[in-house]
Amino acid sequence: MAQPSSFVVDTRPIWILLLQSVRQPLLLATGAAIYFAVRSVGPPVDLDPAGHRALAVFALCVFYWVFDVLPLMITSILAIILLPLTGVLPAKEAYALFGSEAVFFILGAFILAAAMMKSGLSARLALMILSRFGHEPISLLRGIFVLNATMSFFMSEHAVAAMTFPILVELIAALHLPASRDSYGRALFLAMAWGSTIGGVATLLGGARAPLALGILREVTGDSYSFTEWAALNVPLTLSLSVAAWIVLRTFFPIGVLDVSKAEQAVEERLMKIGRMTLQERLVAGVMIATIACWIVLGESFGLANIALAAVVVLFAIGAVQWRDVEGYVNWGLILMYGGAISLGSALHKSGAATWLADQTIASWASGPVTVILLITASAVLLTEMMSNSAAVAILMPLSIAVAGQFDIDPRLMAPLVAVPAGLSFILPIGTPANAMAYSSGYLKVSHLIIPGLILHLTALVIFNLLVWFYWPLLGVAS
Amino acid sequence: MSPNPGFLKLDLAIRGIVVDDSLRGRNDLFHAPTVRGPVARSVELVLPGEVLVSAPVDEAFTTDSPYSLLQEADRFYLQAGDERAEVQIVGAPGYYAKKTRSGLPMWRIGSSYGPYLAINPASRCAFSAKGSQCQFCDASTQGVDRDEPIPVEDVVDTVRAAFAEGAIDFVYLHIGYVDSEDSGVRFLEPYVRAIKRHFDTLVAVQLQPPRDNRWIDYIYAIGVDALSYSIQIHDEEILKSLCVGRVEQVGRQRYYDALAHAAQIFPNGTVWSDLIVGLEPTESTIAGVDSLVDMGVLPVLSVFRPLGDTDLRDHPMPDTAEVAPVFAHMFERVREAGININWVRDLSFAVTPFEARYFSDPDAAVSGALGPLYRSRLGNLAVRNLSRLRRRLRVRQVNDSFGSSNL
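So the protein lines, in turn, are chains L and F. Here our numbering is used: the first residue of the first sequence is 4, the next is one more, and so on. Here our numbering is used: the first residue of the second sequence is 3, the next is one more, and so on.
FYI, nobody ran anything at the bench for these hints, they're computed from the structure. It cannot be assumed that every hint is accurate.
[Unchecked claim] Here are the simulated distance ranges between beta carbons:
hint, chain 1, residue 1, chain 2, residue 2, range
1, F, Pro283, L, Asp13, 57 to 67 Å
2, L, Thr33, F, Pro107, 29 to 39 Å
3, F, Ala289, L, Thr14, 48 to 58 Å
4, L, Trp18, F, Pro68, 48 to 58 Å
5, F, Ala166, L, Ile17, 47 to 57 Å
6, F, Pro107, L, Ile19, 21 to 31 Å
7, L, Trp18, F, Glu74, 53 to 63 Å
8, F, Arg390, L, Thr231, 57 to 67 Å
Predicted model, so just to flag it, every value in this text is computed and none were measured. The beta carbon of each residue, even a glycine, is placed where N, CA and C say it ideally should be.
Please take these sequences and the hints and turn them into a complete structure.
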C-alpha cells in the first residue's frame, strides 16, 4: 500500500501544470522537426550526404539531451537506432561501438563501488574519517569535505555523496540545526557536494565523464590515457580547488555552532553499531587496493577495463559479493547512455560531420589554440550547469576532436579539456547529483550559492587554464 | 406557502410534513434514516426549480407541520392551508429491495439522496464508542453502528445496482470518527480505489480531520474528488458542550486547519463543511460561515432536528424567518469569494450555497444558471474528466521526481 509521503500535490496554478504537461510532447515534436528541417535543406557543399544525415541525428540528440525530453539513455538508444536507419553507419558497426572498452570500464567501476557500499566498507571509512576529524565544528566541516573529496578518488562522486548524505542528515539532526537559517548546516551539505565534485575530477574513478571522453577519444583517434597519467594531470587541480573551495566555504558560511559533541557521539554510536571489520569488508578492501595498484602499474599493458572486470571476477570468485547485492547499485541507464554517445561520436567523426560542424562553430570563432581551449573550457562549464555532465561530454567531445585537427592541437588534450570542466558544477541542482542531494536537504537555496558558486567557478576556470598551459605540458600533454 | 423554493425547502426541512393517511402504507416513498445522525425518517421531494428536499415525516416535531403531502391520481401535491403546489417524489429506488453477493440488503449499505449514493461502510463511530458522540446524533441508536465494516465487494455491488437503474450520479462515502493518525483515510482507501476502478464517477468523502495534512494530500491522490470535515457548530463553548468528542479527540482548530489545507489541494468548491443551523445563535453561525468562506471552503447549512432518540429531543426548533438571513449571508459571501457553487449541490438534507441563492436578491438566482449544464449528461462527463485531468496534473509520485533528476 502506498504511503502518504510517496505523493506530492503540486499546488502551482493549473495553467503552469498544463503547460508543463504538454512540454514533453511539444519538445518531442520540436526535436523531430529539427531533424527533418536539417534533412530537408540538403547537404552543404563541403559535407557528403552521410555526414549530413549524421548531423541531423546529432541535432536531434543534442536537443533531446539539452532539454531532457527523454531520459538520457533513451536518447542514446535513439541515436543507435537512427545511425543505421539513416545509413550513416551499418547496423553491425553502430552496435559494435556499444562494446567500447570505456563502457566496460564504467561497468567494472560501478560494480567495484557497489561492492564497497554493499559490504559496508565505504560507510566504515566515512565514519572512521569523521571520528578522527569531527571533534570541533571546523574540523567536522573539514572532515566532511576531505572525506568526500578523497573517497571520490576511488568511487563515483555520485555514489560518495549518496553514501555520506544520510550520515550527514543524522549528524545535523543530532545537532538540531534549523534548516531555514543555519549557516553551518548549509556549509556541511556544501562540503559534501563540493568535496565530491572536486575529488571526482582527480581520477578516472570519480565519475563516468572521464571514461566517456576517453571512449570517444579512443574510437576516433585510437589514443587514450593511463590511470596514472589522468590522475597526474588532475590531482593538482583537485588540491588547489580544495583550498579555494575551503576559503569560499569559510568566507560565505560562517560557523555559528560551538559544540558538535552530539554529532561526534552519533558517529561513535554508528561505529559501535557496525562493530569490527567483517571478512567481507576485508576482502573487498584487499581487492580494491590490488585493483588500484594494477591500474597504476599495469594499466597501459592490460587495459583499464580488463583490470576492472578482472577485479569484479575476483570479488565474485572469493565470495565477497553476490550478484543480487550489486545489480541494484549499477547504473545500467548510464551504461546505455555512454554506449550510444560513443557510437554517435564515432559516426560524426567518420562521416565528416564533426569536422564540418567544428568549422562552422568553434573553428570560425577561434583565432588560435588559446581561444580554442578557452572556448571549449567555457562551453563545458556552461553546458554542465544546464544539463547532465555526461550529455555535455557527449556533445562537446566529437566537436573538440575535430577542432583539434584543424588547429594542430594534440587531440589527446581534448579529453581532459572537456571532461574535467564538465565535472565542475557548483551552483545548480541539475549540475551534479551531489548538488541535487545537497539541495534536497532543505538547507540550501539557489540564492545561497549564486555568489560563492560563481566565485568558485571562476577560480576553477583560472586554475584549470593555468594548469593546462603551464603544468600539463610538463607531462607531455600540450597544445 | 412560499413561492420561493429556497424558503419552502428550509421550512419543510424544519417543520417536516404530515403524511396523508392514504400514503401511510407506501414504504416505497419513504427513506429510512441510514445516512447520518441528524437525518430523520423522510420523504424526498423535488420542489419547483429542481430543488431537492428531504422532508422529515413521522417525527414528534412534524406533527404540527402546516404542510401535508397528498396524492391525486398519479400526481403528488404539497398542501398548506388553501395553497397547493405540485411536487415530485423521489421514491425509494429499486435496488433497495436487492441483496449483495454476500446477502446483505442493499438499502442497509447505500441510501440515495438526490443524485448521491451515500454509504457508510464503517462499523461504528469512535466518538460513540468512547461515549463522546455529538448530542444531536442518533447514529448509534438507528442501527448505523455494526460489528464489522461492510466488505468492499458489497459496496461495489450496491454502487453497480444504483448506477444500473440510473438512480445516482455520484458516490458519497462518510464515516464517523476513527481514532488513528489518518482518521480513517486508510480504511476508506480500498473503497475509493474499488469504486474508481469499476465506475466512472466522482467520489465525495466525509470524515474527521487527520492529525497530519499529508493524509489530505493522500486522499486526493487516491481519487477522492470532494472532501468534507464538518465542524457542525462554530461557537467554541456550544461545540464543547454538545460535541465533546470533536473537541477532545480532534480539536476545534484542527477542523479549520485541515479544511484550509484541503482547500489548497482540492478544486475550488469541492471542500465543504456542514454547520447546523439552530444549535447556536445565528450570529455565531454567520461567523462560522465567514471563517469557512475566508479559507476557500464551501459552507453547507443543515437544519437542526430534535430527533426522538437523542439527548436534544427537547431542544427548541429553529424558526424559519429567524434563520433565513444566515442562508442569504452564506450565498453572498460565497459569491463574493468566488467559490464554485456547482460542485456541491442538490443535497436534499442540507442547503448548499447553490440553493441559498434563492434567499438573496432576485438577480442572484442567475448565479445558478450553470446548474442545468452541470446536471446534464454532457456536463457530468466534462466535470468527471476535468477532475481526472486536474489530479493527473497535480499529483506526483516522489519516485518520479527522483527519476527526473537523473540521480
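So does Trp18 of chain L sit 48 to 58 Å from Pro68 of chain F, Cβ to Cβ?
holds, 53 Å
Within 57 to 67 Å or not, the Cβ separation of Arg390 of chain F and Thr231 of chain L?
Check passed, 60 Å falls within 57 to 67 Å.
The hint says 57 to 67 Å between Pro283 of chain F and Asp13 of chain L; measuring C-beta to C-beta, is that right?
violated, 42 Å
For Thr33 of chain L and Pro107 of chain F, compare the CB-CB distance with the range 29 to 39 Å and indicate the outcome.
This hint is violated: roughly 60 Å between Cβ atoms.
Is it true that the C-beta distance of Pro107 of chain F to Ile19 of chain L lies inside 21 to 31 Å, as the hint says?
The hint (21 to 31 Å, Cβ to Cβ) is violated, given that Pro107 of chain F and Ile19 of chain L are roughly 49 Å apart.
Can the suggested window of 48 to 58 Å be confirmed for the beta-carbon pair Ala289 of chain F and Thr14 of chain L?
Once the Cβ atoms are compared, 28 Å apart, the range 48 to 58 Å for Thr14 of chain L and Ala289 of chain F is violated.
Looking only at beta-carbon atoms, does the pair Ala166 of chain F, Ile17 of chain L fall within the given range of 47 to 57 Å?
violated, 35 Å
Is 53 to 63 Å a correct range for the gap between the Cβ atoms of Trp18 of chain L and Glu74 of chain F?
holds, 55 Å
Checked against the numbered hints listed earlier, the structure breaks hints 1, 2, 3, 5 and 6; every other hint is satisfied.
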